[in-house]
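K.L.:
Residue-level listing of the chains:
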Amino acid sequence: MENIIETENITFSYSEERGKQNPALDGVSVSVREGEYVAILGHNGSGKSTLAKLLNMILVPDSGVIRIGSDEITSPNFSEDDMFRVRRNVGMVFQNPDNQLVATVVEEDVAFGPENLGIPREEIRQRVDAALEAVGMTEYAKHAPHRLSGGQKQRIAIAGIMAMMPRCVIFDEATAMLDPAGRRGILAIMDSLNHEHSITVLNITHHMDEAARADRVIVINDGVVYMQGTPAEVFARVDELHAVGLEAPQDTELIELLRRMGLPLPAGCVGFNACVDALARLYEGGAR
Amino acid sequence: MTVLKDITLGQYFPGDSIIHRLDPRAKMILSILYIVAIFFAKNVFSFVILTLSAILLVLISRIPLLTVLRGLKPVFFILLFTMVINLFLTTSTEESPLFAWNIPVFSWTWQITIYRIGILRAIFTALRVILLLSVSSVFLTYTTSPITLTDSLEDLMGPLKVIRVPVHDIAMIITIALRFIPTLIEETDKIMNAQKARGADFATGSLVRRAKALIPVLVPLFVSSFKRADDLAIAMECRCYRGGEGRTKLHKLRYHLRDLLAAILMVALFASVLFVNHINPLGIGL
Amino acid sequence: MSILELREVSYVYGEGTPFEKIALDRVSVSFERGVITGLIGHTGSGKSTLVQLLNGLLRPRSGTVLLDGVDIWEKPKEIGKIRHRVGLVMQYPEYQLFDETVRADIGFAPRNMGLSTDEVEARVREAADFVGLGEELLDQSPFALSGGQKRRAAIAGIMAMRPDVLVLDEPAAGLDPLGRREILGGLRKYQRTSGTTVILVSHSMEDMAEYCDRIVALNHTKVFMEGSVDEVFSHARELSEVGLDIPHIARVALELQKCGVPLSGNLYTIEGVAVAYHRALVEKNGHTASGEEGNDRA
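Residue numbers (my numbering), protein chains in the order written: chain A, 3 to 290; chain B, 22 to 307; chain C, 30 to 327.
Bound conformation, chain A alone:
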């Protein structure tokens, strides 16, 4: 499958950073295939959010090449019109649910993107209805956003992006400010975007259980790619994760701990069911 996102050796530093020039990103090369579900893991300040902002042309890299689809957005003759085409294809959902809703009525907010794109009215209507349906917020179409819960606001923000019919959605710590129920709702929507709507999903997070749901995990640390691979491959390397202030999901940590205690459990067990299965099987004597 074709790459929808590709970066080659990009560097970026915030110029106003006090004292030393500490690059936020220092030679990052990653690629995401169309239709993939990728988690980008890293602790606060690792540079993972900077990467997201570069992909959407909110920031411009100091050096390196970024390609979105067939567009090379770092090319000097990339025009403003091109930029808006890229942004339509790569939507972004941010951390604070309050700070990304524009209108005082839910459906007006969802319509904001398509309105900006100059889509005909009848089609906007269809897109708004479909997007609200996809995030399960149809009944709130006429509500005022400020009366909704954080999780509901975040769903509206996702609907607003979906209404632009993007090929890829980047979630920039979109669950960090939500309660567990709100978070579960958003994760379920991420899954369905990817599985049912075939949209490429990039989830930037520091929640390990979120990363475990992805096809592939890219760990960023101090501005460089520290590790990447399937969740099983990445989480099996518990010690390396601990070294950069991260950890594996609790179930995987349990398996790894038991492995270190000498039990013959398979490495890289990821996910609730897989872990329970492995433990139950060992107990029933499958291993002896």
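No lab work stands behind these hints: they were computed from the structure. Computed from a prediction, not measured in an experiment: that's the story for all the values here. There may be inaccurate statements among the hints.
Straight line, CA to CA, 30 angstroms or less: simulated DSS-like cross-link-like pairs of lysine-lysine [to be verified]:
hint, chain 1, residue 1, chain 2, residue 2
1, A, K144, B, K233
2, A, K55, B, K270
3, B, K182, A, K55
4, B, K270, A, K144
5, C, K50, B, K233
6, C, K104, A, K144
7, B, K211, C, K104
Among chain C residues calculated to face chain A with C-beta under 10 angstroms, some are [to be verified]:
hint, residue
8, I51
9, Y121
10, L207
11, G208
12, M254
13, E267
14, E270
15, V271
16, G294
17, L310
Even for Gly, the Cβ is constructed at its ideal location relative to N, Cα and C.
Please arrange chains B and C on chain A, whose structure you already have, making use of the hints.
P.N.:
Just chains B and C, lined up with the frame of chain A:
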């Protein structure tokens, strides 16, 4: 202390009365016509016509009359003040005063006179304010949602684009303000609570002290508002916002037959006010 | 021995309006002195309301809040003193930072208490020390700090009151695993050295299991369960039946029990479950499990 939360903004009463369904632009124009009519009204009859039509309007809109009257509470003292001024300070050379008192103030006498025309003026002025506020709020705030109001403002101001007035941007600013006012009120409440938990005292002390006590609230509020503005700008850009050019709209305002009928009625009302101004059968007027 | 106690406390939002909502319904609960109590419950269970009742930011509609056996609303004019004794760190407390330097900001509460300059300075240092903010940061603007440092400065701003009870509403919200450990681990150290009673609200059951001594679980405006961490999380099944979260690892343990693995003991931390599983395996297979021994971490 959730006083701040009690401020209701743009007290929109959702409903589907004919008034609710009128085009918001039509309602703006109707309000203006009505307000002009109020200022043309000169005698008892014209005021009776205006008052009756206002009551009729409230009834049709199904907004509780009491709610409309309660909405006048903030201007109560202004009303009282203008009434008193009109009552005591109006003088006339054409008629003799209804009352006249001489009140000695030290070595000087203060003469209070009340003329018939003074009483009329007091009543008419009060009525004008009451009618103006209640009719325009029934038309514009109680039966029209803030967002359609902004839309219609953008539409009505459209011609100003010719002289380079950034009409779309103004409307967008109003929309965003309406969207964020509740958020900021909530945030203010939160910050005040956080500072109270640190022993801040907003309720006692001199005026200067109390003003100073607000610094721990205002600074964080500004900081977070700038952050919000920044976040929102990025989010809007990511959703391809690039000003009003080439934008379409989910909801297009459309005039209907009912808007035309309402306009005809309003013009008729206006004409009858002008008409009774001239005949003045009872001779009660200014 | 309890230090803070709620007796039959009810609280209603927007009483008499169409938006009326009961937040707490005749809640009686007591918080033990000198331990960390975790307050759990899903959104809307009344946690945030309860927290604000504890230091008198809200006044109960009925019932009493007792601090050391005395009704905190006995003298409503002196509620400010109660707020100094029951320190409250609200959610995302970094938004309360406002002063020119970190030092001045942490000193805000002690200054409001009318303490001398020396005393204020001493408390600022002590509090900054508790949260691990170095001397060199104290003269910076609080707005120049990193996210995690801002959070710690804000918490220090409450610790500087030397409260008898420190209440924290989601102190680690939005932080990464390391940030969480720093804040919560620091808090535990603070509790152990100062002896302050700590009440902690969190959505993360994993954190609760790791850092708390006792748990109070709220469910739909009422207290659902209270007890030591052991007691409460040994009822993992009941908790999850009413929709309350339990530590993820406890879910794994429950599922294993369902599959017929006899686990017992502490089943709410990774180490606990590891030990229990190992023991179950040993008991089943005789003297030796597949590993020679191990268990060095637990």
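K.L.:
Does each hint fit the structure? Answer for all of them.
P.N.:
Here is how each hint holds up against the structure:
In summary, the hint linking K144 (chain A) to K233 (chain B) is not supported, as the alpha carbons are separated by about 42 angstroms, beyond the 30 angstroms threshold. With a C-alpha separation of about 28 angstroms, the suggested pair K55 (chain A) and K270 (chain B) falls inside the 30 angstroms cut-off, and the hint holds. Among the hinted pairs, K182 (chain B) with K55 (chain A) is inconsistent with the structure: their alpha-carbon atoms are about 35 angstroms apart, more than 30 angstroms. The hinted pair formed by K270 (chain B) and K144 (chain A) meets the criterion: a straight-line CA distance of about 16 angstroms does not exceed 30 angstroms.
Note on K50 (chain C) and K233 (chain B): the hinted pairing is violated, with a Cα-Cα distance of about 35 angstroms set against a maximum of 30 angstroms. Proximity of K104 (chain C) to K144 (chain A) is assessed by CA-CA distance (about 46 angstroms); at most 30 angstroms being required, the pair is judged violated. As the CA atoms of K211 (chain B) and K104 (chain C) are separated by approximately 24 angstroms, the hinted pair is consistent with the 30 angstroms bound. The closest approach between the C-beta of I51 (chain C) and any C-beta of chain A is roughly 18 angstroms, which is over the 10 angstroms cut-off, so the hint fails.
At about 8 angstroms, the closest approach between the beta carbon of Y121 (chain C) and any beta carbon in chain A falls short of 10 angstroms, and the interface hint on this residue holds. Because the smallest distance between the Cβ of L207 (chain C) and any Cβ of chain A comes to about 3 angstroms, under 10 angstroms, the interface hint for this residue holds. Contact between G208 (chain C) and chain A, as hinted, is supported at the beta carbon level, the nearest pair being about 6 angstroms apart and thus within 10 angstroms. Hint on M254 (chain C) is violated. Least Cβ distance to chain A is approximately 18 angstroms, over the 10 angstroms limit.
Residue-level restraint check for E267 (chain C) is violated (minimum Cβ-Cβ distance to chain A is 18 angstroms; threshold 10 angstroms). With 10 angstroms as the threshold, the beta carbon of E270 (chain C) stays out of range of chain A, its nearest partner Cβ sitting at about 16 angstroms, so the hint is violated. Below 10 angstroms, beta-carbon pairs count as interface contacts, and V271 (chain C) has none with chain A, the closest being about 14 angstroms; its hint is therefore violated. Taking 10 angstroms as the C-beta cut-off, the interface hint given for G294 (chain C) is violated, the closest approach to chain A being about 14 angstroms.
Contact between L310 (chain C) and chain A, as hinted, is supported at the beta carbon level, the nearest pair being about 6 angstroms apart and thus within 10 angstroms.
Hint compliance for this structure: hints 1, 3, 5, 6, 8, 12, 13, 14, 15 and 16 are not met, and every other hint is.
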